[in-house]
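> Add chains H, E and L to chain Y, keeping to what the hints say.
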Amino acid sequence: MFLDAWIVLKKDLLIEMRTRVVMVQVLPIAGAILIIFGFALGPDNQTLQKAAPGLIWIAIILSCLIAVERSLSIEYPLGRDGLRLLNLDPAGLFLGKALAISIEMIGISFLVVFGSVTLYGSRFNHFTGLLMVVLTCILGSLALSFIGALYGAMSLGSQIRETLVPLLFLPVAAPVLLASTEITAKYLGMTTGSSLKWLGVLIALTISYFAIGFVGFEPLLEER
Amino acid sequence: MPYTISLKNVVSVVGGFPLLAGINFEASFGEIVLISGPNGAGKTSLLRLIAGLIPMTQGSGYVNGLNLQENSQEIRTLVSYVGHRPNMYDDLTALENVIISVGNSHSLSLKVKLSRVKTSKLKEEIIAAFALMGLPDRVSSTKFSRLSEGQKRRVNFIPLLIKDTKIWLLDEPHASIDALSREIIDSSILRAQERGALILIASHELEHVQAIATRTLNIQGGYITSGDQDVS
Amino acid sequence: MTFHVTDGPVSNENSDFYRLDKINKALALAGRKMWRTLLGAVAVASALATTVLGLYVTPKDEHLGNSVRLLYVHPPVAWAALYLAFGLTTLCSILYLIPKTRSPFFDKIAGASAESGILFLSLTLITGSIWGHMTWGVWWTWDARLTLTAVLLVLYLGYLSVRKISGTDHSKAIRNSIAALIAAIDVPIVHFSVIWWNTLHQTASILTPNLQFKVPPSMGITMGIGFLSATFAWVWMVRVRYEISVLEEARESESLTTLIQNRRMERVG
Amino acid sequence: MNFLIYLGYGIAIFATVGYCLYLGLKRNKLVKELSRIVKDSESSPNEFTNR
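Chains as they are written, first to last, in the working numbering: chain Y, 134 to 357; chain H, 288 to 519; chain E, -14 to 254; chain L, 43 to 93.
Treat the hints as calculated values from the structure; they're not laboratory data.
Incorrect hints may have been included.
[What the hints assert, rightly or not] Only pairs whose alpha carbons sit at most 27 Å apart, straight line, appear in this in silico DSS-like list of lysine-lysine:
hint : chain 1 : residue 1 : chain 2 : residue 2
1    : L       : Lys74     : E       : Lys10
2    : E       : Lys7      : L       : Lys81
3    : Y       : Lys143    : H       : Lys430
4    : L       : Lys68     : E       : Lys18
5    : E       : Lys10     : L       : Lys68
6    : H       : Lys430    : H       : Lys410
7    : H       : Lys410    : H       : Lys439
8    : E       : Lys10     : L       : Lys71
9    : Y       : Lys143    : H       : Lys408
10   : L       : Lys71     : E       : Lys157
11   : H       : Lys450    : H       : Lys439
12   : E       : Lys157    : E       : Lys10
13   : E       : Lys7      : L       : Lys68
14   : Y       : Lys183    : Y       : Lys330
15   : E       : Lys7      : E       : Lys85
16   : Y       : Lys143    : H       : Lys439
17   : E       : Lys149    : E       : Lys7
[As the list claims (entries may be wrong)] Partial selection, computed: residues in chain E whose CB lies under 7 Å from chain H:
hint : residue
18   : Ser151
19   : Thr153
20   : Leu244
21   : Ile245
22   : Arg248
23   : Arg249
24   : Glu251
For clarity, every value in this text was computed on a predicted model and none was experimentally measured.
C-beta atoms are modelled at their ideal positions from N, C-alpha and C, and glycine is treated no differently.
Next comes chain Y alone, as it looks inside the complex (with noise of 0.2 Å):
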């Protein structure tokens, strides 16, 4: 299983770093969000660093799901019989698809983070906080792409996936977004109080959707 995952991984990330459409695309977009939330809130650095944790997590969740229909896309020459046709173990397919994206998205999120703090002007309250918000973006970014890998198997079979794909994956992400955005405030300095609850939902969180996708993609990839 885990060789398994190690080849899709690997595979996933080779195209990655062959086509560049993460890189070029996907972050791009990321970027345009957190300038275009600049416009819409005005020249006022105090509102924007306000605005700021959340502002970078609907950035960095918008982006996970750009990321999860490449992922997807990637397979569209081999298609769902071609996917099977490989005799890979489901779970094993399911950690390598989210791992990819996830390390993706860890990628994405670190440079939404500066992103945040060179054009909003953010600032971590010292040296932990940086680590806490690296933290955070690493469990989110994993629960982002596990639910996402697991959605975007669900939907394979659907027409409308396009659509569907978003309308599963935001009411699921919403958790995560509040969880992060929370952790994130807090160590740039717009909050005091524990985040340690935060972390228990954001950890808790990563890991219900691990088990369920382990657990759910066989029955999702077969057809009986």
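Showing chains H, E and L alone in chain Y's frame:
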């Protein structure tokens, strides 16, 4: 001797449409069966059913003693299916594609798998297979999307040679390719037959395939309308 | 080497007898009227009683005024949606996922229940919004419960969309069950996160109106009848929606027989 | 009394009754359709019934 493939009254419904409407079919190792018939008659569906890719809605079907309904995943490791679309990623090289296709083949030992095909015997085998299919070395390191149609098809055959499965399901293997590619593919089919494989070929090009097939059957309206006697 | 190519009949399962048997069974189910009619009658009577009592008989509340009358509708529909409908959907989805209890029955009931749940949940939001407007002066507020309910509505709308994706009966049912499970697992998570979210940000004073007033008996009775009415209406809906699924399946199998015959007719000459 | 109260009750009753009506009519239509199929095949048995 039990049949390798045995289908009785098989109906397969996908999206509310009966792709197969009562197929009765039996075949044994060592045969090359040509499946002919007009477009949309169910040739591809029959192959996909045997490959465990579409569900069996009614009837009973066995491949190598395994029930099509319950063991479709195991069956998929026993058969090699070549669709009319190549089963390869455009942005990977031919060699990488082949490695992904065979990398998980169950006939390979774990050790070979773990060595990631870098220095192993498997890599030599794959290179030899490229040569066997008349593909020069540089083809193996070319992006798949940059290959010619005939080269793509030949590359698509390489996993079959490496995995050495005993049941080959070929969907239009001769469509839109040059004479050289056709010859190479035909000889690899015959070699597989010599090793005792069962090969089903769905094709429009009757004369070409009939030259190598041991028998021909006709499929129309989702079921088999005629089959002639074994020529050998 | 021998082989057979038979031009056989389509399988027995497809014969007229089998097909009509399925239709007849579906018709028999739909024909079992007694309990259904009784249920419907009780639901209609209690709904009427709630309306009359709620609008005209009960007094208006000294704190809340007339808006208290919406409380005979709002909690009952919320109860039907959140606990009855989505509870049953979750239960049936789990029962389908367990191989031992797997049955197409559960998939149908899960879908039927979720559909009525969407209706009741929408009503919950609408009546709640009206109530909010009358008591707090706003149609919407980012209160934990409201937010959770809205997210829940979208989650289950997504579930209904998943149900429409094509596939074989089994693969569809599995997919549906997993989608329902994700929705169900998300409920507690969203629940806790929205509660914490609010306690961090807002001084929730107006949002928790003091309902500890002394309830006159007429009010309590009306509310009880309201709950009764929502429950019976829900049971009726699930039952009839289930009948429709069974009938549709029977029709499907009927058309399948024709389709297979048509398919075989495609033979040229 | 406030118009909004009537609105709330109205929407609730309208939506519920509407959905129930939709369900009932759909069921009756299906029942009719299937009963006709049964009647048809009983009055004119086709090739399969004789087997």
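> Which hint numbers does the structure go against, in order from smallest to largest?
Violated hints: none; all satisfied.
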